[in-house]
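Residues per chain are reported as follows:
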Amino acid sequence: EDELDLYPISQEVADNAYSTGTQIEAALTGVYESFQSSQYYAWDFVMAEDIRSDNYYAGGDNPEIFAYDRVDLSPTNSRVNALWASVYNAISKANLVLEKTPEVTENITEERKDQILGEAYFLRAYHYFVLVKNFGDVPLYINFVSSADPADTRLPRSSKEEVYAQIVSDLNNALTRLPDTYGSDASVNKARATKGAANALLAKVYAQMPTPDYTAVLAHANAVINSPAGYSLLSNYDELFDGNHYNNAESIIEIQYLGGNEGNWGPQMHLPPSVSGDNWRKFTTPSHDLVDAFDSEGDNIRKNATILFENVSWVDEYWGNATNSSVPFAYKWRNAGSWASSDDIYLLRLADIILMKAEAQNELGQTADAATTVNLVRNRAGLANLNSDATASQSAMRMAILKERRLELAQEGHRWSDLVRFGMAQEVMNSVDDIDLSTGQSVNYAVDEHDLLMPIPQAEINRNPNLEQNPGY
Amino acid sequence: QEKEITGTVTESASGMPIPGANVTVKYTANGVATDFDGKYSITASPTDTLVISYIGFTTQEFLVGNKTTFNVALAENAQALSEVIVVGYGTQKREDITGAVGLVKSEAFDERPNTDLGSLVQGQAAGVKVIKSSGKPSAGFNIRVRGTSSITGSSDPLYVIDGVPTTDTRSLNPSDIESISILKDASSAAIYGAGGANGVVLITTKKGSSEKPVFQFSSYVGVSSVWKTLDVLNAEQYRDLMTEMGKTTDWSQYTNNTDWQNEIFQDAISQNYQLSVSGKQNGTQYYISGGYVNQEGAVRSAEMEKYNFKTNLSKEVTDWLKIGTNINYTVYGDVDVTDNAAVNQGGVLLGVLATPPNIGIYNENGTFTSNPFQDWENPYSSTDGSDRGYKNQRLLGNVYTEFRFVKDLKFKSNFGIDYNADRYDYFLDPFRTSYGRATNGIGRYNTNINNYFIWDNTLSYKKQFGDHKIEALAGTVYQKYRWEYSSIERRNFASAEITTPGAGSEIITANAGKSEAANASILARLVYDYKNKYLLTANFRRDGSSKFGPNKKWGNFPSVSVGWRISNESFLENVEELTELKLRAGYGAVGNDNIATYAYLARVGSGGNYPIGGTAQPGTYPATIANYDLQWESSNQLNVGLDLRLFDSKISFSVDGYVKTNDNLLLDAPLPTGTGFSSAIQNVGRVQNKGLEFQLNTTTLQKGDFTWETSANISFNRNEVQDLVGQELYDGNVAGRGEVSLIREGEALGTFYGYVWGGVDPQTGDVYYIDQNGESTFNPTADDRTIIGNANPDFTYSLGNTLSYKNFGLNIFLQGSQGNDIFNATRVNMEGMIDSKNQFTSVLDRWQNPGDVTDIPRVLEGDIRNSLASDRYVEDGSYLRFKAVTLSYNLPKTFLEKVKLTTFKLYVTGENLITITDYSGFDPEVNAFGGSNTVQGVDFGTYPQTRNIIFGMNLTF
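Protein chains in written order, with the numbering used here: chain A, 1 to 473; chain B, 474 to 1430.
For the record, the hints were derived by calculation from the structure and aren't laboratory data. Keep in mind that a hint or two might mislead.
Said to hold, decoys possible - With a Cα cut of at most 30 Å, we get these calculated DSS-like pairs of lysine-lysine:
| no. | chain 1 | residue 1 | chain 2 | residue 2 |
| --- | --- | --- | --- | --- |
| 1 | B | 1026 | A | 100 |
| 2 | B | 679 | B | 864 |
| 3 | B | 1371 | B | 753 |
| 4 | B | 680 | B | 566 |
| 5 | B | 1025 | A | 100 |
| 6 | B | 936 | B | 885 |
| 7 | B | 679 | B | 936 |
| 8 | B | 1366 | B | 578 |
| 9 | B | 987 | A | 100 |
Note that the structure is a prediction, hence the values are computed from the model and not measured.
Isolated chain A (complex conformation) (with noise of 0.2 Å):
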């Protein structure tokens, strides 16, 4: 009888996982890894955020992502599939970590215990807000799962005011347990969560719900700036990307890459081939729209940070429908690394927390002050402070900070998020005039309201009758 009880040899089971110190910092290591191998992190969040805006186009051979440069996403795309999956995947873990962090008792402090906890927390909220900003409505785990009963497991949809609620109280538990800083490396306090992630969080958190708490915009984004980790921005634009800067003063949380086994294979896809090494037509490729929006405010900094132009073998249908036309590329990533580069990814930095502080006191009514935090962004990227049509209204003064997050921020995964928080997405989508050289037609992106957000992936629907589906889908 003895025989047949075999325990796994290779892996560890539920019972005896979370017992120590060690165990439970690997399950917490395990939810940032959620980071690495999420698909939506390592690269489709581009695709959420940029190529489905106006700032690029899909490049590369995919007809899923080319539905979403159009903006025409159907309920079967895989790729919003392993967007939900992978997200709602971190969660889980981050559940886990919550639930199991409170019995450990070997070998670990109550202090760190405490970290610990803000960390997941920290981790699930961020998790949380790329759902709701995506898909508005979804269900609410907030309990790790361990049966597969359909009563824990096919949750309804929580109003998005329910989700977003469920993010702010998160963020506020992560703000007690989280420290400032770990110590002095900086590759420690920039990898983990910290106080300044989670005011940071709260900052966009609160300017993106669907009644926005501008007040509180302000207080986290003030928190933030005058953290005592001692944010600042970098005086060189170019150095966040170089690939030689990471963890630097102006960053407040960022995915972490070595190279090799620790790699990022995104970079690989939309590298030019001086860069990557290989010559197929790349992803993510910058628009005339977003380049048009560098060249009028004559940003030559910020422009060349991000898009690097190249002569290439293939032809582009917005750029050059003949061979060794010019084509742009997506630059913000430096180094392909072989399909393994070591370039991390920011996922909260502080020149975005800038604006959300100009944002917030604009929305408040303080017009000047918002133009005086905006002119901060501008000067560091070498551009004159705003000119006074910019700063002459409420509302000229929302599309200006509108403007500068998508130079400041193009490729970082924002642009779709703030058009929608603006109000601004139909209007700006439909506007925008792109000719498709191949057949001489201009592009229609046609966004209306239901567009707004994904649909929920067929495949969730399919295994979860008590999802509704997004209007219009």
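Assemble chain B onto chain A, guided by the hints.
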């Protein structure tokens, strides 16, 4: 005057005594049985006739006269009726079998390519479907006995080689096989309990049988080729298509007109050499063989190679002790090619079709050329751009010993092992291929070591009391599995000189792990025979598996079957034409535990590492959900059959009907991914297979030197998912168009699912579909998908004719499948016109101008809406195939005597010479999803079955 008569009854072949033989005085009730030494003593008068009989031997009669001693040597009854068939843990005479057992003898495949067992068994037994999902030399096969019965568990049968169970059949050497018994119903498979739910394939290898040593040498050489090519656009037509798509390039760079099918498909050579010696002397039986097979693929670079060595030995040490061993050592190697993948994923077959003819093979600098518009390299980069080699060394065998404690009671102990070490080497050229240049070369080295042992002990008892004959068996079995693996990958090589990973500078993967599983069982069987008319077999097995939860570790598997040999009833005794008429019926339960080890536990995976502080920290993740109630998938089967033999077995006919219901399916049921898990293994659902099988063998004509024998079978199986706890499952994501297979209550596994194609709008050239309300729409939603086909055939059949005249023989073996659908996803790729892939010539009829009436839509770059997975791609996959045609010639005896040979046969065999089918693809016998339970009959650039011709010889001396 009565006197005492004594004597010994022996087996004529071996001279061994026969205990338990019947010695009776004819027309009286006077009878005795021989003792342990075959001796008997009986009283009779000189005018009496003695009848000496023993089951399976020809009965002899003697007039007593004035003799007092009769030593009798009984000869084994040569008639097919008494054929001994290997069944679980023993043998049974064919006439005594009450279950459903299919039998394939080595003669059926002596003259066939010796590459794998699957194609040899195909069509040979009713109700046994062999799935050859790919024609690759490295492809294995799957057998489905009476349909697909599981959903996420395995539906493959258990293979048992000389008493050692196994799942890997690739390295088996067909020429060592004596016979294959396929236990189809629950009553015959129940003795294998938990392993028996999908049927059991018992493989018995050859043993020595004649006093004189027999040397056998056989060899063939052959050629195989793809039997059909498909029409794709030529260079000019491709250029027109691209231009229409709005794509321009410098066409002066692309002036070739390469026929990629001609470049990649080849006439592949195969060769085979087998040598064996066997014999039986002084109680020692031996069979020793060695062989070599090499098979090139009809697709460039594919290859398979096998060396095998086998020894079967047994020795009667004393009259109460027998020992023996069977040892099989194989070195198997293959080179795989990627199929079932699009050109941009390195799929060779779709690369062959989708690569435009306009480019050549190599660029000037020696690198592989690419599609003019995207860096999809030509198929040579897949076949020649990397070194790929799989090699498996395997030791499979057993030692056993048999004690005869007392007369009638035998104890057998058997210890078997299956030790398997394989490795996979891979090296991607750092210069010639695009991916290789990006990574500076990739070197991989993966190893697996699989260790298995089985120890079974059985006690068997055999006794005849007058009209009652009893055989009983009881035993225990313990089995243990251990798997170990490691994998290494490095990149960044300085050159292509060293191809092992050590030469690369960057470690991508360095992994190793181990796992185990164990089973313990007790088993029992009772066979009872009354007057050779009424037969009963009862089995019981109790199985415990480490894979199941503490609450449900053990399962019980009983079965019972009965037979009535009607032809032995007095009212039929005088019907001369009737050789045998037997009615059989059985019912039983068997189990399936074919799931991942540790399945019931909540496992926590490691390797979820993440850099914190500049170095990777160890990370874990929850991998599975616990299920302490996880238990056996159970299969209950009712079988009713009839065997009829007429005219001295010149005609034999069997029919079997069955209902097989699998309950508590081991279903890896999808979970909402919101839970963090994509599935959890549960016992839910029910699948039923029911069917009818007919088998007919006749000696159609026998006249002088001419013989014509025919065998035919036809099988009908209906599969139905009866319960899926209200869920629907989808599977078979193909060609970037989502899932095409549906699993739904009331439907069969292998049901196709998709949109309903309406037609091409003459105004816009766009495809309209029919929605769920029967209305046409250009933008169907996911809910408009419906059932569009079924991969299950209405029936499968085969027909074999063997003609021989003097020294010539002709064997024609036909095999077919009727009424099955194929989802031709190759056409989705090759008629979609969404990107710069070359297309089938059918797109020449594409819509180009308003008013064009056609069924091929317009070009539409980057958009799949005109090529959604729809019934347009569902084709009739029925086929009838000349599976094997063999012409053979035995050299005349007079000549053989001069050169001291016993037999010398020359033959030529053609496989798949003619295939009659309406299917438009390369071959109807494919599945991109291999032996999947749920996704069947999908063709997506799948390596086709090939046409093979071999020239061979068999000689013995």
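Checked hints:
For the proposed pair residue 1026 of chain B and residue 100 of chain A, the alpha carbon gap of about 29 Å is at most 30 Å, so the pair holds. A distance of roughly 26 Å separates the Cα atoms of residue 679 of chain B and residue 864 of chain B; the hinted pair therefore holds under the 30 Å criterion. Taken as a hint, the residue 1371 of chain B and residue 753 of chain B pair is honoured in the structure, with Cα atoms around 26 Å apart against an allowance of 30 Å. For the hint linking residue 680 of chain B to residue 566 of chain B, the alpha-carbon distance of about 18 Å falls within 30 Å, and the restraint holds.
Our distance criterion of 30 Å between C-alpha atoms is met by residue 1025 of chain B and residue 100 of chain A, whose separation comes to about 28 Å. For a cut-off of 30 Å, the pair hint linking residue 936 of chain B to residue 885 of chain B stands: about 17 Å separates their Cα positions. This hinted pair checks out: residue 679 of chain B and residue 936 of chain B have alpha carbons roughly 29 Å apart, not beyond 30 Å. For the given pair, residue 1366 of chain B sits about 25 Å from residue 578 of chain B by alpha-carbon distance, which is consistent with the 30 Å threshold.
Our distance criterion of 30 Å between C-alpha atoms is met by residue 987 of chain B and residue 100 of chain A, whose separation comes to about 27 Å.
Of the numbered hints given earlier, the model fails none.
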